[in-house]
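Could you put together the complete structure from these sequences and hints?
Residue numbers (numbering that gives the first Met the number 0): 0 to 444.
Since the hints were made in silico from the structure, they are not lab data.
Do not take every clue at face value.
Calculated cross-link-like contacts (lysine to aspartate or glutamate; reagent style EDC-like; alpha-carbon spacing at most 20 Å) [unchecked claim]: (1) K174 / D143; (2) K41 / E2; (3) K41 / D143; (4) K163 / D143.
Cβ-Cβ distance ranges computed for the label pairs, FRET-style [said to hold, decoys possible]: (5) Y152 / E441: 27 to 35 Å; (6) D333 / K283: 19 to 27 Å; (7) A57 / L137: 13 to 21 Å; (8) E353 / S193: 19 to 27 Å; (9) T149 / T393: 56 to 64 Å; (10) V148 / E221: 21 to 29 Å; (11) S410 / E128: 37 to 45 Å; (12) D89 / T165: 19 to 27 Å; (13) P138 / E198: 37 to 45 Å; (14) D169 / Q299: 31 to 39 Å; (15) E198 / Q15: 25 to 33 Å; (16) E396 / K356: 31 to 39 Å; (17) F16 / V148: 34 to 42 Å.
For every residue, glycine included, the Cβ atom is placed at its ideal position computed from N, Cα and C.
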Amino acid sequence: MGELFGTDGVRGEVNQFLTAEMAFKLGKAGAYYLTQDCSEAKILVGKDTRVSGDLLEAALIAGISSLGVDVIKVGVVPTPAVAYLTAQEDVVAGIMISASHNPVQDNGIKFFNQDGFKLTDQQEGEIEELYFNRVDQLPLAAGDQVGQVTEGYQLVNSYLNHLKGTVNSDLSNLKIVVDCANGAAYQLTPQILSELGAEVIAINDQPTGFNINRDCGSTYPEVIKEAVINHQADLGIAHDGDADRLIAVDGAGKLVDGDYILTICGRYLLDQGELARNTIVVTKYSNLGLHQAIKEENGQVEVTKNGDRYVLAKMREKGYNLGGEKSGHIIFADYNTTGDGLLTALQLIEVIVESGKPLAELREQMTAFPQLLVNVEVESKDWEENQKISKAITEAEEVLGTDGRIFVRASGTEPVIRVMVEGQDKDELERLADQVAEVIEEELN
0 MGELFGTDGV RGEVNQFLTA EMAFKLGKAG AYYLTQDCSE AKILVGKDTR
50 VSGDLLEAAL IAGISSLGVD VIKVGVVPTP AVAYLTAQED VVAGIMISAS
100 HNPVQDNGIK FFNQDGFKLT DQQEGEIEEL YFNRVDQLPL AAGDQVGQVT
150 EGYQLVNSYL NHLKGTVNSD LSNLKIVVDC ANGAAYQLTP QILSELGAEV
200 IAINDQPTGF NINRDCGSTY PEVIKEAVIN HQADLGIAHD GDADRLIAVD
250 GAGKLVDGDY ILTICGRYLL DQGELARNTI VVTKYSNLGL HQAIKEENGQ
300 VEVTKNGDRY VLAKMREKGY NLGGEKSGHI IFADYNTTGD GLLTALQLIE
350 VIVESGKPLA ELREQMTAFP QLLVNVEVES KDWEENQKIS KAITEAEEVL
400 GTDGRIFVRA SGTEPVIRVM VEGQDKDELE RLADQVAEVI EEELN
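Given below as structure tokens:
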């Protein structure tokens, strides 16, 4: 990744890293790059509920329209709504202003191409090159040639109607708690579930601009667990700030993370003959219990490196229609081009209704393997070429065999090497993790 773009667009603390000036220049660079083959072009722009959203939206739109490119503002919407609407409307690109599950002081800008897909690393690199080297030389639209800004808030209704069309079930027998994370789906998820018949109890659905993700949502599952038990609900679902992910809990308050959701929906689609090539795509951090549960139903699991963009790339390459991450980024490629928390909620609930089984019973389809994570503080993070560390990892892999695995990686933000082991015997995992951690500590300090 470059100096601007990370694993999911440009993201950082507002006015410390992500300034209005940066948003203006990104608007110019992105608009120029994405519209250079178009005589008349429009770009669709959405945002989440952060207080800085208005600031960045104004600056971003100013940059876009300064090049003579029109803008459609759709206001506060989930990231997957921007992806879907970009593919459906007469626009050449979509931009979402959001920092997803990050705290309120952060914000971000991510681009979607005309088909609703996130840009590739190469495309982001070309926008970055424009930003740093040529943005001030880009031709500006003069006088009455500047871009026009229109409001398209009503467009979200076509996204909601699309979501409704992906399910056939009556939800009138279900009581569902929804933790909206005070984020972008604070109205839409309760609305669509209510319209489909469910009794909905919405929590953290009063965004102030300052409380997005604050002790709520998918990164604080204890909140939804407690609410489900207190309300004696059938299940609970929780989004992050931009609603591109979902985690759930069953009626007893047990967590149903992305791996469980992929297992439940993957096995259901297998049974229906609707799982493309009988395969789901996951990252290397998905639990081995998922692999086992899918293979029990004669399905297959394909593994990518970490990140939903790599999951999607593999899905597009091979024609798969289901993939995702443990964190709850689930991609149903038949219906959208990115992780979609609202869509995932509907697909999961559809399985509950159609199977006639409560989520607690469906959750039992997967037995999670124990995982153990050890963080080793180090002076140097250059571990990959160290022969003693490599030998310790190899020896641990030999002990685990096909019934377990070990991952070692450097933290991107801390002076730490993370050692994660997974297998069936907790005592053995502790022993192996400690052995590898000890060698890392000796070698890198």
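Quick rundown of the hints versus the structure:
A hinted pair counts as satisfied when its Cα atoms are at most 20 Å apart, and K174 with D143 does not qualify at roughly 54 Å. Distance hint between K41 and E2 is unfulfilled; the C-alpha atoms sit about 27 Å from each other, more than 20 Å. About 16 Å separates the Cα atoms of K41 and D143, which keeps this hinted pair within 20 Å; it holds. For the hint linking K163 to D143, the alpha-carbon distance of about 42 Å lies beyond 20 Å, and the restraint is violated.
Take Y152 and E441: their Cβ atoms lie about 59 Å apart, and the range 27 to 35 Å is violated. Roughly 25 Å separates the CB atoms of D333 and K283, a value that falls within the hinted 19 to 27 Å. Between A57 and L137 the beta carbon distance is about 19 Å. The supplied range of 13 to 21 Å therefore holds. Between E353 and S193 the CB atoms are about 20 Å apart, so this pair conforms to the stated range of 19 to 27 Å.
Distance hint for T149 and T393: a CB-CB separation of about 60 Å, consistent with the stated range 56 to 64 Å. Between V148 and E221 the beta carbons are some 42 Å apart, a value that contradicts the proposed interval 21 to 29 Å. Our hint of 37 to 45 Å for S410 and E128 is violated, since their Cβ atoms are close to 29 Å apart. A beta carbon spacing of about 23 Å between D89 and T165 agrees with the range 19 to 27 Å that was offered as a hint.
The supplied range of 37 to 45 Å is broken by P138 and E198, whose beta-carbon atoms lie about 56 Å from each other. For the pair D169 and Q299, the supplied restraint of 31 to 39 Å holds, since their beta-carbon distance comes to about 33 Å. Checked against the hint of 25 to 33 Å, the pair E198 and Q15 fails, with Cβ atoms roughly 44 Å apart. Taking the beta carbon of each, E396 and K356 are about 37 Å apart, inside 31 to 39 Å as hinted.
For the pair F16 and V148, the beta carbons lie near 26 Å from each other, so the given range of 34 to 42 Å is not met.
Of the numbered hints listed earlier, those contradicted by the structure are 1, 2, 4, 5, 10, 11, 13, 15, 17.
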